[in-house]
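Quick mapping for you: the protein sequence lines, in order, are chains E and G.
First residue of the first sequence? That's 301 in our numbering, and the numbers climb one at a time after it.
First residue of the second sequence? That's 28 in our numbering, and the numbers climb one at a time after it.
Treat each hint with caution, since some may be false.
Listed below are the simulated EDC-like cross-link pairs for lysine to aspartate or glutamate, each with C-alpha atoms no more than 16 angstroms apart in a straight line [said to hold, decoys possible]:
id, chain 1, residue 1, chain 2, residue 2
1, G, 29, G, 178
2, G, 258, E, 587
3, G, 270, E, 468
4, G, 43, G, 178
5, G, 258, E, 589
Label pairs and their in silico Cβ distance ranges [claimed, not checked]:
id, chain 1, residue 1, chain 2, residue 2, range
6, G, 56, E, 442, 53 to 63 angstroms
7, E, 419, G, 212, 46 to 56 angstroms
8, E, 442, G, 136, 30 to 40 angstroms
9, G, 232, E, 513, 55 to 65 angstroms
10, E, 487, G, 78, 39 to 49 angstroms
Worth flagging that the hints you see were computed from the coordinates, not collected in a lab.
Ideal Cβ placement from N, Cα and C applies to all residues, glycine included.
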Amino acid sequence: MTALVIAEHDNQHLKPATLNAVTAAQACSSIVHVLVAGSGSKTVAEQAAQIEGVSTVLHADAPQLAHPLAEVIAAQVIELIKSAGSYTHVLFASTASGKNIAPRVAALLDTAQISDIIKVVSSDTFDRPIYAGNAIATVQSSDPVKVITVRTTGFDAASINKGAQGCEIKSLNASADSGQSTFLGQEVAVSDRPELTAAKVIVSGGRALGSSEKFNEVLTPLADKLGAALGASRAAVDAGYAPNDWQVGQTGKIVAPELYVACGISGAIQHLAGMKDSKVIVAINKDAEAPIFSVADYGLEADLFEAVPEWVKLL
Amino acid sequence: MKILVAVKRVVDYNVKIRVKSDQSGVDIANLKMSMNPFDEIALEEAVRLKEKGLATEVIAVSCGPTQCQETLRTALAIGADRGILVETSTELEPLGVAKILKALMDKEQPGLVILGKQAIDDDCNQTGQMLAALASCAQATFASKVELTSDHVKVIREVDGGLETLSLKLPAVVTTDLRLNEPRFVTLPNIMKAKKKTLDTLTPESLGVDVTPRIKMLKVCDPPTRSAGTKVADISALMDKLKNEAKVI
Numbered sequence: 301m302t303a304l305v306i307a308e309h310d311n312q313h314l315k316p317a318t319l320n321a322v323t324a325a326q327a328c329s330s331i332v333h334v335l336v337a338g339s340g341s342k343t344v345a346e347q348a349a350q351i352e353g354v355s356t357v358l359h360a361d362a363p364q365l366a367h368p369l370a371e372v373i374a375a376q377v378i379e380l381i382k383s384a385g386s387y388t389h390v391l392f393a394s395t396a397s398g399k400n401i402a403p404r405v406a407a408l409l410d411t412a413q414i415s416d417i418i419k420v421v422s423s424d425t426f427d428r429p430i431y432a433g434n435a436i437a438t439v440q441s442s443d444p445v446k447v448i449t450v451r452t453t454g455f456d457a458a459s460i461n462k463g464a465q466g467c468e469i470k471s472l473n474a475s476a477d478s479g480q481s482t483f484l485g486q487e488v489a490v491s492d493r494p495e496l497t498a499a500k501v502i503v504s505g506g507r508a509l510g511s512s513e514k515f516n517e518v519l520t521p522l523a524d525k526l527g528a529a530l531g532a533s534r535a536a537v538d539a540g541y542a543p544n545d546w547q548v549g550q551t552g553k554i555v556a557p558e559l560y561v562a563c564g565i566s567g568a569i570q571h572l573a574g575m576k577d578s579k580v581i582v583a584i585n586k587d588a589e590a591p592i593f594s595v596a597d598y599g600l601e602a603d604l605f606e607a608v609p610e611w612v613k614l615l
Numbered sequence: 028m029k030i031l032v033a034v035k036r037v038v039d040y041n042v043k044i045r046v047k048s049d050q051s052g053v054d055i056a057n058l059k060m061s062m063n064p065f066d067e068i069a070l071e072e073a074v075r076l077k078e079k080g081l082a083t084e085v086i087a088v089s090c091g092p093t094q095c096q097e098t099l100r101t102a103l104a105i106g107a108d109r110g111i112l113v114e115t116s117t118e119l120e121p122l123g124v125a126k127i128l129k130a131l132m133d134k135e136q137p138g139l140v141i142l143g144k145q146a147i148d149d150d151c152n153q154t155g156q157m158l159a160a161l162a163s164c165a166q167a168t169f170a171s172k173v174e175l176t177s178d179h180v181k182v183i184r185e186v187d188g189g190l191e192t193l194s195l196k197l198p199a200v201v202t203t204d205l206r207l208n209e210p211r212f213v214t215l216p217n218i219m220k221a222k223k224k225t226l227d228t229l230t231p232e233s234l235g236v237d238v239t240p241r242i243k244m245l246k247v248c249d250p251p252t253r254s255a256g257t258k259v260a261d262i263s264a265l266m267d268k269l270k271n272e273a274k275v276i
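Excised from the complex, chain E in its bound form (with noise of 0.2 angstroms):
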């Protein structure tokens, strides 16, 4: 019994997201394996060698691995695990990277993947949220190979040994370019705030915000005050006020940091979904009906255009 990690990467650094799909891996098994599978990917291979628990780092490095491309990285995996033949577990962070791969080696596989669990009951049992999280289903896979993608803010992170040794790093052989699918370019926000989904402290905006300049005129000094990333909800992102990949709910980020700060956020069941698990909310909000109230640890029925402002001059 040996789980699979695959890990998420810019060929530099290692993703925090990958440490919390290793803490699920160690409760499927006792022996966890990492894939670092990447261009130039030398120092992500180290890092993940030093991961509390992790026994061996497998590490694939060619020019058509610098982008992970749910075609190449899916053969790659399917041939470590057909080769390897000891997998009975493959687990990916539940990131847009990992929901984008790991079916595709389910597929390949002919298993039936577990999507988004929060907890390992047993080897082949877990949990895993389902309608938006408003039920929780008890799931038990069959398949001699269980692919599963992980929710981060159910398992907290393994820690790094910096400085020490590591474990042993094989390199394998890379998978060839698919011919199928391209990488073009991106665009990628280039941001000092910490990442939605690894930040402490998150400030997020509903419409009620009105444009897209108060929206960061009024909330970007609480984020700044607090250490915080910035977040949206729905409602705000389809009106324009925020960009897509800060959308916080069902569809968008799963977050649950130290302190979740909603700002005019009304609280519908799917932006519910995306934040419930904080361990502190804040919600400040005009309508003292608003069902984010039903959450929140703190509430403060107040107009956030000055409620927000008077608490940055308090900080």
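Use these hints to put chain G onto chain E, whose structure you have.
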């Protein structure tokens, strides 16, 4: 070029579901059902591509019980040319649906298959990727822009932290994100027209597909509830609570 679109019948997104008291599942009897919102976006995109003259026929497929006919009629009213119901009373898993769609791809030979990125009932986010794997073709998930030519499709995808652009060789599978388009409203004349369009019924068996579930649902529970906390009078009271009670700032 034909475009195949998969549409799922789900509990309407405005309905709050209830877990059955015996924990055997979610009680969906008598609830309002609708087309999965992401599938509506998928269908809208296909219809727009046809309206631009880039596709010749839009085929909508739904897999499930007889009632999926209603979902398909909605799809035909939005602008699909014909519908295919793959009827089964088996509770379908994404892998089973992907196998059905693969069989239909073999039969219909579409240039492009568009699906919603996830269904809002099981929240699986698997079917499109699985179909691409089974059909050995390229995939682009979470699309926010689709540009189709005769042999390629260029897709802008929503990824963590921004956007990514891919070019895929056709045939290919695309799954839609929220901001790809805004689906049109269905008009009465189009509902009337839809009644005259062809709707074929097949079964998984007739397509040679085994849809036996692989995953056993042991139980379904309510999530842990979060109780409402306290209301604070003003910002200084909030600051006090966060510092001294919650100790988070």
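Going down the list of hints, with the structure as the test:
1. G:29 with G:178: It holds: about 13 angstroms lies between the C-alpha atoms, which stays within 16 angstroms.
2. G:258 with E:587: holds (13 angstroms)
3. G:270 with E:468: violated (45 angstroms)
4. G:43 with G:178: Not satisfied, since the Cα-Cα distance of roughly 43 angstroms exceeds 16 angstroms.
5. G:258 with E:589: holds (12 angstroms)
6. G:56 with E:442: 53 to 63 angstroms: violated (29 angstroms)
7. E:419 with G:212: 46 to 56 angstroms: violated (42 angstroms)
8. E:442 with G:136: 30 to 40 angstroms: Check passed, 34 angstroms falls within 30 to 40 angstroms.
9. G:232 with E:513: 55 to 65 angstroms: holds (59 angstroms)
10. E:487 with G:78: 39 to 49 angstroms: Between residue 487 of chain E and residue 78 of chain G, where Cβ atoms are some 28 angstroms apart, the hint is violated.
When each numbered hint is compared with the structure, violations occur for hints 3, 4, 6, 7, 10.
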